[in-house]
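Peer 1: If you read the protein sequences in the order shown, they are chains U and D. Throughout the first sequence, residue numbering follows numbering that gives the first Met the number 0, covering 0 to 390 in sequence. Throughout the second sequence, residue numbering follows numbering that gives the first Met the number 0, covering 0 to 233 in sequence.
In case anyone wonders, no lab produced these hints; they're calculated from the structure. Hints are not guaranteed to be accurate.
What the hints assert, rightly or not - One side only, chain U facing chain D, incomplete, derived with CB under 7 Å:
no.: 1; residue: R9
no.: 2; residue: H10
no.: 3; residue: G16
no.: 4; residue: S18
no.: 5; residue: E244
no.: 6; residue: A248
no.: 7; residue: R336
no.: 8; residue: T342
no.: 9; residue: V348
All residues carry an ideal CB built from backbone N, CA and C; glycine is no exception.
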Amino acid sequence: MSGPLLLALRHLQHRRGTSLLLVACLALTGVLPIAVQLLVGAFSTRLRARALATPLVVGAPGSRFDLVLNTLYFRGRVPRPLPMRELDALIGSGLGTPIPILARDTAQGLPLVGTTPDYFAFRGLRFAAGGMPLAVGECAVGAEAAARLQLTVGSRVISDPGSLYAIEAGYPLRMRVVGVLAPAGSVSSPDDLAVFASLQTVWIAEGLGHGHAPPAEQASTAVLRADGENVVLDSSVFIYQEITEQNAASFHFHEDPAELPLTGVIVMPRDTQSATILKGRYRVADDAQMLVPADVVDEITGFVLRLKTFFDANSALVAVATAALLGLVIALSIRVRQRELQTLERLGVSRGAVARSIAWEYGIVCGLGALAALALGLALSRAVAVWWTWI
Amino acid sequence: MGADPAAAGTPARLAIDGLRFRYPGPDGFELALDELRATAGETLVCIGPSGSGKTTLLHLLAGILAPAAGRVRIDGDDLTALGPAARRRFRLQRIGLVFQEFELLEHLTVRENVLLPYLMGLGRDAAAADRAGELAAATGIGHLLRRRPSRISQGERQRVAICRALCTAPALVLADEPTGNLDPRSAGQVLDLLLEQATARGATVVTVTHDHAVLGRFDRVLDLAQPAAAGALR
Ligand SMILES: Nc1ncnc2c1ncn2[C@@H]1O[C@H](COP(=O)(O)OP(=O)(O)O)[C@@H](O)[C@H]1O
Ligand SMILES: [Mg+2]
Numbered sequence: 000m001s002g003p004l005l006l007a008l009r010h011l012q013h014r015r016g017t018s019l020l021l022v023a024c025l026a027l028t029g030v031l032p033i034a035v036q037l038l039v040g041a042f043s044t045r046l047r048a049r050a051l052a053t054p055l056v057v058g059a060p061g062s063r064f065d066l067v068l069n070t071l072y073f074r075g076r077v078p079r080p081l082p083m084r085e086l087d088a089l090i091g092s093g094l095g096t097p098i099p100i101l102a103r104d105t106a107q108g109l110p111l112v113g114t115t116p117d118y119f120a121f122r123g124l125r126f127a128a129g130g131m132p133l134a135v136g137e138c139a140v141g142a143e144a145a146a147r148l149q150l151t152v153g154s155r156v157i158s159d160p161g162s163l164y165a166i167e168a169g170y171p172l173r174m175r176v177v178g179v180l181a182p183a184g185s186v187s188s189p190d191d192l193a194v195f196a197s198l199q200t201v202w203i204a205e206g207l208g209h210g211h212a213p214p215a216e217q218a219s220t221a222v223l224r225a226d227g228e229n230v231v232l233d234s235s236v237f238i239y240q241e242i243t244e245q246n247a248a249s250f251h252f253h254e255d256p257a258e259l260p261l262t263g264v265i266v267m268p269r270d271t272q273s274a275t276i277l278k279g280r281y282r283v284a285d286d287a288q289m290l291v292p293a294d295v296v297d298e299i300t301g302f303v304l305r306l307k308t309f310f311d312a313n314s315a316l317v318a319v320a321t322a323a324l325l326g327l328v329i330a331l332s333i334r335v336r337q338r339e340l341q342t343l344e345r346l347g348v349s350r351g352a353v354a355r356s357i358a359w360e361y362g363i364v365c366g367l368g369a370l371a372a373l374a375l376g377l378a379l380s381r382a383v384a385v386w387w388t389w390i
Numbered sequence: 000m001g002a003d004p005a006a007a008g009t010p011a012r013l014a015i016d017g018l019r020f021r022y023p024g025p026d027g028f029e030l031a032l033d034e035l036r037a038t039a040g041e042t043l044v045c046i047g048p049s050g051s052g053k054t055t056l057l058h059l060l061a062g063i064l065a066p067a068a069g070r071v072r073i074d075g076d077d078l079t080a081l082g083p084a085a086r087r088r089f090r091l092q093r094i095g096l097v098f099q100e101f102e103l104l105e106h107l108t109v110r111e112n113v114l115l116p117y118l119m120g121l122g123r124d125a126a127a128a129d130r131a132g133e134l135a136a137a138t139g140i141g142h143l144l145r146r147r148p149s150r151i152s153q154g155e156r157q158r159v160a161i162c163r164a165l166c167t168a169p170a171l172v173l174a175d176e177p178t179g180n181l182d183p184r185s186a187g188q189v190l191d192l193l194l195e196q197a198t199a200r201g202a203t204v205v206t207v208t209h210d211h212a213v214l215g216r217f218d219r220v221l222d223l224a225q226p227a228a229a230g231a232l233r
């Protein structure tokens, strides 16, 4: 170890409190800009990656942000329903492969997504266990959903009651897990945290289709509890319906099948020309809209990036202020150490060696501050990213 | 040196000729010393009332201040011919300094304080480390090497400063009232140690003091209060 470095370390050690305070101040100044930088980066890349992988989206007229966020990420405000006949029309056009999405309900707090088996192939999702939910009453869960709710093949997932769209539903639907997805990628994706089922299953969960069988016997007895003279409903236990081999045949839809709702349709055009034709058709349609998700996501990230410009400007000002304060602190501390520096000068120590020692000292403080800011910023962005795990 | 007949055989350790110095300003203090010679191992004491220029003289000898005219040579090397950076280097290598207020670095251990010239310029040196150990033992601070200056006594602090000054085996040791902050008993011991250790290593010593009781321990006295003193001292 060089002498100037040793002196620097000794002085830092001697003035531990002050040194730590300086490091903490620098860390606190840096942590937010670093975290925001990382988050915005992760946000836009993840958002974009999924958007770029989704060529076209069809939905009911309304907010394009709502449509894209719902169809791709199963989040945000629910778009107006798109009738099934639109899907039939897309299939009939032969211009591409449509994948319907009905994502406006939840099951045990996670997005409940009604779709077709094509979806899994389209997103390149693999099953870690089991397979696709083909039959009514079955579901497949994302890797993170499985971990969070401790689900395996054979477990049950209950759709959440009180959903705005469960118009006629008397009881939530208890679904059988027939597949658990492998993690969708290195970064968490919306697919990791969703419950997938067939469209029919979700319509039943919404109460659009129902069977004329009473709720499962064991379920209704489990919730009844004698309390003195009264029989009360234990709110901690759900009453639910379940589709079994015995009652499956009794489930039916009163509504016109062409009017059953979707929230969006992902369309993979057959080729560029088909895409152009489709876009042209939807440009003149007034009962549906077609969007290019990448364009919409660019618009969203554009807003975020513009907001971030203000934040960056603020960060720059804070950095300048911090640098000025740090300069002041260094100047003051050198003044306080005037006597020590004079002694070194009188002994014949070169100015360079003294400068090196001081540079080491504040270099170490700044370095530690920067490292701490980076570590905290990373930790913070991770924590927030986990919280925003769907991005 | 050839111009100095008195030291034709043995070159003077310290040679001052026609030294003139003046602090800036209209009534800046002026110091003049025409000639002074000292040999290796010789001990000089500089006395004079406060403000008579004792510290100024030591600073000129150390190259901390540069004279307006005249020369200061140490072992024949002209200190006054050097630039500020070279004077510093010269001082670090060839001159040992002891101050009234000790001037130890509080954040370093006693050992690191003694080896400070090596840490801050002369580089790692095994012989210096050995010398530091010997000096510490000889001055009775061998058991304090790992302590901080704040945790030893005043007398011990000045012993550390003496070790620091002698560690580089300097040609010249300059001590500015080294015992001014010590109680009389401790002062005597510390001064004896300084002179003993310095002369044992062949260093020439110039000490400033207020304490006339200690003048007998030096080879020669330089009284700045008497204008003719310098000449008389030769
Ligand atoms: N840096 C300086 N600038 C101007 N004058 C000084 C400075 N240092 C000392 N002096 C003046 O020089 C004179 C001698 O000072 P000094 O050498 O410190 O005396 P001593 O050590 O004998 O008490 C004093 O009159 C003092 O005021
Ligand atoms: Mg003085």
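Peer 1: Would you check whether T342 (chain U) satisfies its interface hint, that is, whether its CB is within less than 7 Å of any CB in chain D?
Peer 2: 4 Å, holds
Peer 1: So, S18 (chain U) near chain D? Judge it on the closest CB pair being under 7 Å.
Peer 2: Since the shortest Cβ distance to chain D is 11 Å, the answer is violated.
Peer 1: Are G16 (chain U) and chain D close enough, Cβ to Cβ, to be under 7 Å, as the hint says?
Peer 2: Status violated, d = 13 Å.
Peer 1: Report holds or violated for the interface hint on H10 (chain U), using the least CB-CB distance to chain D and a cut-off of 7 Å.
Peer 2: 5 Å, holds
Peer 1: Grab the minimum C-beta distance from V348 (chain U) to chain D and call the hint holds if it beats 7 Å, violated otherwise.
Peer 2: Where the cut-off is 7 Å and the nearest Cβ of chain D is about 4 Å from V348 (chain U), the hint holds.
Peer 1: Holds or violated: is the Cβ of A248 (chain U) closer than 7 Å to a Cβ in chain D?
Peer 2: Hint on A248 (chain U): violated, closest Cβ of chain D at ~87 Å, above 7 Å.
Peer 1: Should the interface hint for E244 (chain U) be scored as holding, given a Cβ-Cβ cut-off of 7 Å against chain D?
Peer 2: 82 Å, violated
Peer 1: Let me know if the C-beta of R9 (chain U) comes in closer than 7 Å to any C-beta of chain D, holds or violated.
Peer 2: 4 Å, holds
Peer 1: R336 (chain U) was flagged as interface toward chain D. Is the shortest Cβ-Cβ separation under 7 Å?
Peer 2: Result: violated, 10 Å to nearest chain D Cβ.
This entry does not satisfy hints 3, 4, 5, 6, 7, going by the numbered hints stated previously.
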